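Q: Heads up: the protein sequence lines correspond to chains X, H and D, in order. Per my numbering, residue 1 is the first one in the first sequence, and the count goes up by one each step. Per my numbering, residue 1001 is the first one in the second sequence, and the count goes up by one each step. Per my numbering, residue 2001 is the first one in the third sequence, and the count goes up by one each step.
No wet-lab data here; the hints were simulated from the structure. The structure presented is a predicted model; accordingly, all values stated were derived computationally and were not measured. C-beta atoms are modelled at their ideal positions from N, C-alpha and C, and glycine is treated no differently. Any given hint could be a false lead.
To be verified - If you want the ones that stay clear, here's a sample from chain X, every Cβ over 10 angstroms from chain D, calculated: (1) L9; (2) P124; (3) G148; (4) V151; (5) H152; (6) F153; (7) A167; (8) T264; (9) G492; (10) E635; (11) H664; (12) L766; (13) A769.
To be verified - Stretch-level coverage of chain H by chain D, calculated; a stretch enters the list once three of its residues show a Cβ under 8 angstroms from a Cβ in chain D: (14) 1002-1008; (15) 1030-1038; (16) 1042-1051; (17) 1101-1112.
Said to hold, decoys possible - Straight-line Cα separation of at most 25 angstroms, BS3-like style, residue types lysine-lysine; simulated pairs: (18) X:K437 with H:K1204; (19) H:K1184 with X:K761; (20) X:K425 with X:K770; (21) X:K592 with X:K573; (22) X:K437 with X:K770; (23) H:K1273 with H:K1088; (24) H:K1204 with H:K1089; (25) H:K1089 with X:K437; (26) H:K1184 with H:K1204.
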Amino acid sequence: MSLVGARVLRKEDPNLITGNGQYVDDLQPAGCTAMVFVRSTEAHAKIRSIDTAEALALPGVLAVWTSANIVQLANCPGGLPGLDQPLLAKDVVRFVGEGVAVVVATDRYIAADAAELIVVDYEPLPAVASLSAAMAPGAVVLHEVLGGNTVHFQDFENPLNEAFAAAPRTASMHIVNNRCAPSPIEPNVCLADWGRSGLTLWAAFQAPHHLRNTIAQYFGIPQDSTRVVAPDVGGGFGAKINFVPEFFLTALLSKEIGRPVKYTQTRSECLVAMLHGRAQEHDASVAFDNDGRILALKLTVTQDQGAYPNGTGMGLPVLTTAMAAGCYRIPAVAISWRNVVTNTTPVAAYRGAGRPEASYTIERLIDLIADETGVDPVEVRRRNFIPVDAFPYATHSPLAMYDSGNFAGALDELLKHVNYDDLKKEQEKRRQDPAAKLLGIGFSSWLEIAGFGPPGSLEAFGHLASWESAQVRIQPDGSAIIFTGASPHGQGTVTTYAQIAADELGIDFDRISVKHGDTAVVPQGIGTMGSRAVAVGGEGVKTASGRVYENAKRIAAHLLEASAEDIIIEDEKFFVKGTPARSVPWSEVAWKSFQPLELPGGMEPGALDSTVFQQVPNFSFPSGAYCCVVEIDRETGGVNIVNMYLVDDCGTVINPLLVEGQVHGGVAQGIAQALYEHMLYDPSGVPRTSTFMDYLVPAASDLPGYVTGRINTPNPSNTLGAKGVGESGSVGAPPAVVNAVVDALSHLGVKHIDMPVTPIKVWNILEGAK
Amino acid sequence: MIPAQFDYVEATSVADAIRLLAEHGDEAKLLAGGHSLIPLMKLRLVTPATLIDVTHIKELSYIKEDGNNIVIGALTRHRDIEESELVKKHLPLVAHVAGEVGDPQVRNRGTIGGSLVHGDPAADLPAAALATGATMVIAGQNGERRISAQDFFVDFLETDVQSGEMLTAIEFPKHTDAGWAYEKFVRRAMDYSIVGVALQLGAKPGVALVNMSNKPHLAVSASQAIGKGAAIADVLAVINDDTNPPEDLNATVEYRQHLARVLTQRAFASASK
Amino acid sequence: MTIRTAITVNGKDTSREVEARTLLVHYLREELGLTGTHVGCDTSNCGACTVLLDGEAVKSCTVFAAQIHDCNITTIEGAAQADGSFSPIQEGFRQEHGLQCGYCTPGMIMASTALLTENPNPTEEEIRHALEGNLCRCTGYEMIVNAVRWAAEHPNFTSGGAK
């Protein structure tokens, strides 16, 4: 029975459901100390002085550091030259939440008390907390070396003026993709122990080898005695890929005081100090004909980088503009982008990382075209889809060479679940009844770029390479250990890889372990991000398992005095096809694989051990069709999702239970962005949503159930055929929700409403329409 | 996340608590369920020198019938009020509102006394106390005194409980078989109301508003209008009298006033069934 | 100021000298080494710290260890059955993929356990309402609801369980 495609329960769960998980804050090595930050309460200010005397005098305090203590290694890796974020602010702070000082004490309670005793004297400077403020003439400049606040501007190659002038119709939109705080339930946390035998850093991180490589290089210490461990990690969503000052500060302090140093971020800190996501504004124009066919698309993306640009944040608009056309055949596409700094928390990847922003805008434009031409939005999509026979499909961007998909097919599948005609009739009926709630139906035909990625793709973001490592090693008793460079934090990768390996090796699922996250155990790796764990890492597991199996067959053939081509396996027994009675078990093959006298000529002991650095020739292109049905309370403006229909195409499904979970989770975050979440700053750069009371992560009562379906166009870039699905929900859901809201209000002439769609926004529109 | 240090004493009775309050003065705070106080202490917005823990004074956790009143001890938990057959029968508005406070974990610890003395204009139970015309029983060194709910809430997070006093009980007149409703408009289910309306109909009607002023608010004009049998439109015309709605992340003054009218109308429709 | 606690945790009496301001969650995690209960926020919203206090769900980050002498606390480490089997709730989370990263899970399991004690056959709406005080960022909640329904439908579940 094949496990690939089977609903298999997770190996990860027994520990986690009994409280036996091991998250970084659970670790309490002997002598462990606690580090606490003092963080800026000003968005932009000079630091006149920092008084640490009282804090240093508190019993139990072991160190109090400011930038004065770390003159030589002052900056956090991952930034841009000359624009680096310092580990601790020196002379000036540029965002609320920036670290100004750290305290290390014998326990976290004393450290918290000491932090309160530190007095920072700020001289406030004007602050720019929004893109428009930062780009206004005469705006205060964050980084003198830039001269202004634009870090980089990529102009249009060809602004398509002729195409737009000649088109029957054009329309434009200014679209805000609201800043979100990824908010994994586990904030950032790390524990550094720098002793005589080297540095060990435990960190809630998505790419431990990347951290190991970088931190060793940063400190000028050898990688062989530098170890990074990502144990159980409580969610990441992209925010735990970037380097943050605490990694380097805990290490330096551990070296200094000779004890382990642990930093456990509070939620209030997390909302201002963990990297934010989204924070883009789009100026989009579309040229189309009266039948709703798109003739040209022009998109400018302005990406808020926050106070300190980093490699990932700089790359987001590149991904957004590469995917500007979505799943549509658009003859002419012009893209441009700019990266702008503001006095806010730095921005980086958040589930989807640039692609939700792209799908949101193109899907809003589709609905706008529908509204302008009177053509049904479903029909507009059909008229513009890239057809099934058009792959491989070259887009306006060399990054985005679409290789598979059936966009019309996904929409067809979706419409089997949605009574679209009935809903439209109901919508009209309710419009005539002033006492009824308004009904809205919104679609999203979305496409994204995932499965990072082909050679060079992750290097552009500062990673060592774009492969993923898999080592499959058979033990003498015939059980198997897989060592992966993937670094899961909830995805169920251990279970998924064991399923893949079980199929390839013919070894029982329960006799396969998967190790990850520890650079001392897994020699090399890249990490989990960009929906690559199955598409790249899983393919590596398949490749390595396949090679081991071939050698196992050779050993079995030797033991059975048969030809390797004639050997098959069933119930962990090798035999010649047709003669199952004469078999040799995996355990015997494994044992003998270490015994030179037992091996076929030319085979070395230890042959059942294969390491693969798996590459893929292209990104993957998950896609899907979603439909959201909303009700709007005319009197309060309250929006309620009645139904959420979701059809995904992630190619081959390894484990339908886990794929479903990823879809639900991504959709939940997408709905949250559309209706609830907004990391909001006042004009002076002070965050107004700095706790979980005001930053509205929804709970179970605030979200709907999900109706899911699937189609499958296999990924041609790997033999598994799997595209990945981790970020799909957050790409597809926001436009479906907002399209539904706009649809509900379209009879009032509403063309657009920015996320999050709050009750007061809707009420203002309803009042305005009276 | 970590509160400042404090001294901790446990009160074993009301008299003991009064004595400890006198001893420690204004630097002491009473600790009951802790779900208003402890979050403030963890953010160090409040740093009392001493906490007087009253959670173990069992004699203050009760619900009893006393003639025409239902009397609820100040340390009765929200969840016990929500589930009480007595309260459901005679004060269904109060039972319902107690079930709307926060989330289940909050209701397992939070007490009615703690909520009322905290006096948050955005909280649910103060509105229920106002709408039902409750009387607060306050104990101090000079004995016991009573004050109406309306006079109890003085200003933002400030009640009439003086230095050295503690709220010991709340006397609710029975509203058996009278119509009632509670309309709570929120972003997320667990959130404080953007606006809430507590409506008690019957012989002595009252309507109170949540998050419409700097303190829990009894809509006096509207309550009087209801008592005179006014039409709903006339009640709505005065519902916002004397309010001072805040402007915040979720709402403007105008939107809150609008919501107050909408929710009051809905409360009426629901209460009259 | 320090106080001496007297709290029964998972059936065992515990007594420690701790600062009065010690939060119950830190008492459990750091004094007793029971790290299954997690901290996810500092405004009592997320519920990752939920434990049972005399059988009822409470947020252990909003209780001082000093307040609760002579009480019975059950943490996730005490959720399994006496014979080592997972509880029906634990098994439900496993069967229905009610967890991904696992960080909110102990709190979710304890809150769900309290729900089923009080309401053995809850509707979907009742489950979502009962879990309003528990945030999850991974699952989107539907599979958590399914997990609780599974437990409601298998109240007598028993197995080999966790070792």
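Q: All hints, please: hold or fail.
A: The hints, checked one at a time:
1. L9: 6 angstroms, violated
2. P124: P124 (chain X) clear of chain D: closest Cβ-Cβ about 26 angstroms, beyond 10 angstroms.
3. G148: 37 angstroms, holds
4. V151: 30 angstroms, holds
5. H152: With a cut-off of 10 angstroms, H152 (chain X) remains clear of chain D, as the shortest Cβ separation is near 32 angstroms.
6. F153: Holds, since 35 angstroms exceeds 10 angstroms.
7. A167: 41 angstroms, holds
8. T264: 8 angstroms, violated
9. G492: 7 angstroms, violated
10. E635: Nearest chain D Cβ is 23 angstroms from E635 (chain X), so the label holds.
11. H664: 3 angstroms, violated
12. L766: Fine: 28 angstroms to the nearest Cβ keeps L766 (chain X) off the interface.
13. A769: Consistent with the label, A769 (chain X) stays out of reach of chain D, its closest Cβ about 33 angstroms off (over 10 angstroms).
14. 1002-1008: holds (count 7)
15. 1030-1038: Three-residue rule met by the stretch 1030-1038 of chain H, so holds; n is 4.
16. 1042-1051: holds (count 3)
17. 1101-1112: holds (count 7)
18. X:K437 with H:K1204: 34 angstroms, violated
19. H:K1184 with X:K761: Holds, because 19 angstroms separates the two Cα atoms, which is no more than 25 angstroms.
20. X:K425 with X:K770: 23 angstroms, holds
21. X:K592 with X:K573: Satisfied, since the Cα-Cα distance of roughly 14 angstroms is no more than 25 angstroms.
22. X:K437 with X:K770: 16 angstroms, holds
23. H:K1273 with H:K1088: 17 angstroms, holds
24. H:K1204 with H:K1089: Given pair K1204 (chain H), K1089 (chain H) holds - Cα atoms ~17 angstroms apart, limit 25 angstroms.
25. H:K1089 with X:K437: 33 angstroms, violated
26. H:K1184 with H:K1204: 22 angstroms, holds
Checked against the numbered hints given earlier, this structure breaks hints 1, 8, 9, 11, 18, 25; the rest are met.
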